[in-house]
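2 protein chains.
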Amino acid sequence: MTEQLPRMLRTDARHNRDRVLEAARALFAERGLDVTMREIARRAEVGPATLYRRFPTKQALVDEAFAEERRRCQQILEDGSADPDPWRGFCSVVERTIVLNVRNQGFVDAFLSVNPPQEAFTAYRSSQLRMFAELSGRAMEAGGLRRDFVIDDFVLVLQAVRGLSTTPPAQRTAAARRLAALAIDAFRASDANARLPRPAPLAAGMLSVAGAVPAR
Amino acid sequence: MTEQLPRMLRTDARHNRDRVLEAARALFAERGLDVTMREIARRAEVGPATLYRRFPTKQALVDEAFAEERRRCQQILEDGSADPDPWRGFCSVVERTIVLNVRNQGFVDAFLSVNPPQEAFTAYRSSQLRMFAELSGRAMEAGGLRRDFVIDDFVLVLQAVRGLSTTPPAQRTAAARRLAALAIDAFRASDANARLPRPAPLAAGMLSVAGAVPAR
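These protein sequence lines are chains U and P, in that order. For the first sequence, the working numbering gives the first residue as 77, with consecutive numbering after it. For the second sequence, the working numbering gives the first residue as 77, with consecutive numbering after it.
Output of the computed footprint for chain P on chain U, the stretches with three or more beta carbons under 8 Å from beta carbons of chain P:
#1 234-241
#2 245-254
#3 257-267
Hints in this document: simulated from the structure, not taken from any laboratory. In this text the structure is predicted, and so the values were computed from the model without any measurement. Glycine is no exception: its CB is placed at the ideal position from the N, C-alpha and C atoms.
Assemble the whole structure, with the sequences as input and the hints as a guide.
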């Protein structure tokens, strides 16, 4: 009986940890990162002490809650970069990232959050943006991507995707797919394209570490 | 002295009314329509009784607070419709509407809010969408606008604009202009355009009254 106690405690602890992560993921997805630790504890049905023992800061919780999303986005970028047709690879990254993120407002918040920085996201973001910049450069060279595209344009579209978070869930994926297809047509090289106004430096803090961003 | 009292009261009442409207406009612009009447009273520094005497319902307040925005959007549509080049008129409506609305989250909320309906917006929206549909039809006929464009695509872009509300104010207008230019390139007729997935029926409730919407 006494031998089983540590194992039961460990099982109980893991159970609490899973419940906290599940609650955090659901709340972050619904409402973004503005959720409080108190709300997460309440949804998970654990006391604040238990919550803070597992995750001493909200940042630690955000880092852990989105581990799976980070892996998925990483896979999307690896798949796109591996495509022998770089423009097709670029399009698949845009489409899949938009559809993935429309269901998870918090992940875009965390990814784009430079200040305060989300620790696990800083290195991840640099690496992702570097891969995307490299793919974009190749898609541009191949003639598919417009020459005046900058990485900030993709950041802009990801920010815009957050505006769809109040769309009824039943229509949200269809809305994201349509928006992604329109974004791809907007990014496509064409003689008819408008002269774009100067880009907003949205990702300035991120891009300083992103390496080879397609130049103008 | 006694003769002046009614006039002073009227002046005072008008002053309170202006303060309530100003507070409501600021809060709606910053945070959308989710603001409570209590918060509006607090920002306006009037008691709840005064607030409810002027505006018995939040809907009445929303209707009145956005009277100016409705006039501006109406003007944008009239200008666009009067342009002898319908595609250029269409582009000016897209660009000016996006730039106007990026600064006012509440107005897009109110415009798109079918349930619960905002009374002053119902007739206004029908009339606006009818004008925009008419202009879109002409822009399509003239060959500027892609054939598979539907009004819901513009609604989709307006919803997406709300995602920019957390962009720092100094960058927000530049971001809106860039997004508008990209949206126009996405809507432009081109042989290279992708085959779009089916549109999400975002504005179903609105469009039932909107009349001649470009088909498809």
